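Visitor: Construct the entire structure; sequences and hints are all you get.
Protein chains in written order, with this note's numbering: chain E, -8 to 223; chain S, 733 to 1017.
Read the hints as simulated data drawn from the structure, not as lab findings.
There could be a bad hint or two in this list.
What the hints assert, rightly or not - Covered stretches of chain E, going by a simulated chain S footprint (3 or more residues, C-beta under 8 Å):
id	segment
1	194 to 201
2	208 to 221
Stated by the list, open to error - Not close to chain S: a few residues of chain E, all C-beta gaps over 10 Å, as computed:
id	residue
3	96
4	105
5	116
Stated by the list, open to error - Computed spacing ranges between beta-carbons, pair by pair:
id	chain 1	residue 1	chain 2	residue 2	range
6	S	844	E	-2	24 to 30 Å
7	E	184	S	774	56 to 62 Å
8	S	883	E	31	56 to 62 Å
A quick note: this is a predicted structure, and the numbers were derived from the prediction, not measured.
The C-beta atom is built at its ideal place from N, Cα and C for all residues, glycine as well.
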Amino acid sequence: MKRFIAAAISVLAGVAVVAGVAIFASATKGSPPVLAATPTGMVDTPDGPMNSASLDLQIYPNNSSEVPGPMEGVNAAYASQGWPFYWPSTTLEVPANSLITVTITQYDSGGQLLNNYWSRVHGTVDGTMTVDGKTVTEWDPDKVGHTFTVHQYPESGQPYFFLSVPLPANGGTAVGNANPYVTDPKVVTFTFQTGEPGSYVWNCEFPCGDLYQEFGGPMQQRGWMSGTFEVV
Amino acid sequence: MADTVTPSEPPEAPTNRPPAMHRLHEWLSRKYVRHVLIITVVIGFLLLPLCWLLLAAMNQSGAPASGIMEDIEQTVFVFTLVAIPITAFVFAVLVYSLIGWKGRSGEEPPNNDNPAIRNNTVAVVTWTVVSSVLVAFFVVWGMLELANITANSYGTQPINGQIKADDVLIVNVTGQQWVWTFEYPQYDKYSSDILYLEKDRPVLFNVTSKDVVHNFWAVELGVKIDANPGAVTQTGVTPNKEGIFNVRCAELCGLHHAYMETQIRVFGEETFDSWMRENGGGKTS
Chain E
-8 MKRFIAAAIS VLAGVAVVAG VAIFASATKG SPPVLAATPT GMVDTPDGPM NSASLDLQIY
52 PNNSSEVPGP MEGVNAAYAS QGWPFYWPST TLEVPANSLI TVTITQYDSG GQLLNNYWSR
112 VHGTVDGTMT VDGKTVTEWD PDKVGHTFTV HQYPESGQPY FFLSVPLPAN GGTAVGNANP
172 YVTDPKVVTF TFQTGEPGSY VWNCEFPCGD LYQEFGGPMQ QRGWMSGTFE VV
Chain S
733 MADTVTPSEP PEAPTNRPPA MHRLHEWLSR KYVRHVLIIT VVIGFLLLPL CWLLLAAMNQ
793 SGAPASGIME DIEQTVFVFT LVAIPITAFV FAVLVYSLIG WKGRSGEEPP NNDNPAIRNN
853 TVAVVTWTVV SSVLVAFFVV WGMLELANIT ANSYGTQPIN GQIKADDVLI VNVTGQQWVW
913 TFEYPQYDKY SSDILYLEKD RPVLFNVTSK DVVHNFWAVE LGVKIDANPG AVTQTGVTPN
973 KEGIFNVRCA ELCGLHHAYM ETQIRVFGEE TFDSWMRENG GGKTS
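Guide: Encoded structure:
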């Protein structure tokens, strides 16, 4: 009888540990809600008529009463850290075989890139982007705030996809942990073409986080400076 | 004078020990020996297909695209083949011990006063010699293959700042959370997120990192080397097959480590040169 009770207690203890881990993982999980690109009709391209869509994003240096920032799962615990973040979501969805125009309004400051490769525009139509209406192919690597870099997912059978644009920094002392935010943010627009459906990730390549090499904090937690990018 | 008696050799002690072959025959005729040997053969034949499955699994991303990777796969295959009979024998003894010598219901447990287990010289010599031969085989094979792989990997390494072969393609590899970038100093510092190589042309990789430790793993080329921040590590290879292959990060490096992969595209000479020219990478040296 003693043996049976000991075995039963052992099994129950094991189940409790596994359940505890599962509950903790479930409670701390949570991705921002899906932000789907808005269809904008058919456009003419050199390859013929094509669907198009647009996506609007903002980058803030910290959360505020106007913009709460990511609050899903464990992100709620980080909300008061003063981390920069993409808004309104980092879980992005765009249609396949379409022209996608992204507009990013950048309120944050910046600095020097560690790798000048990210100061150039990669993967957009004509390899260009516009900054406050001006068309450019690259940006000063010493004055970059963030990057929007979409890259490959380790899954065979989906098209190779790579896209990276530098997002200019806002200068002056008015940025950083500013509240209210600067009134003259940098507005970056770029267009790219999607292929067949696939799953990708994106992240910022400018070290804008905490701790070692400023790659901690928001750089290591989805919902802030990285997320998923689904072509559907 | 007393007679001296010369001591003679003592007569050979009589023995009933049968000849070695007879003893071997008698040993093989024992029930448990036959059963263990049969189980060994059965498990061995069951494990053989696993050897091929292992190779198939290794080739899931594509067959080897360099001499180095061919050597690595051959080594894994041969070592697995050699390990099969050993594994089969160990499992056979295990299985027979669990089933063949299992206590029956109602049997008394063995008497602790049974005679002590005695040494068996033949058995000790056999397993010592067999183990030594196997280990020696692994060591010699491994060292020869390692020397071969090292020669192929580092045959392109600069010595006193001089590249050994004139036609070596130099690629500066940079790892950064969580993307690889490749720069070609001989082609106007053309840079890309895809690794472009030329078939049958030796390539020297200067590998570094901009943040944490990554590991540059060109899977089908058999190249794997750490990318350390603030330092440059070097290795090389000669692709021997055209096609599309994979680069992955083999060092846990943060949130999107699992996504840190890209493509290798190996072209023929003409295609490589024209591709570089068309993409702004004019040859400078």
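Visitor: Hint by hint, note whether the structure agrees.
Guide: Cross-check of the supplied hints:
Here's how the segment 194 to 201 of chain E fares: 3 of its residues keep a CB closer than 8 Å to some CB of chain S, so the rule of at least three is met and the hint holds. Coverage of the segment 208 to 221 of chain E by chain S holds in this model, with 5 residues showing a Cβ closer than 8 Å to a Cβ of that chain against a need of three. With a least CB separation of 24 Å from chain S, residue 96 of chain E remains clear of the 10 Å interface cut-off, as annotated. Non-interface status of residue 105 of chain E relative to chain S is broken: a Cβ of that chain comes within 10 Å, the nearest being about 4 Å off.
Distance check on residue 116 of chain E: its Cβ is at least 17 Å (rounded) from any Cβ of chain S, clearing the 10 Å threshold; non-interface status holds. The beta-carbon spacing between residue 844 of chain S and residue -2 of chain E, approximately 29 Å, falls within the hinted interval of 24 to 30 Å. For residue 184 of chain E and residue 774 of chain S, the hinted distance range of 56 to 62 Å is satisfied, since their beta carbons lie about 58 Å from each other. Evaluation of the 56 to 62 Å hint for residue 883 of chain S and residue 31 of chain E yields a pass: the beta carbon distance comes to about 59 Å.
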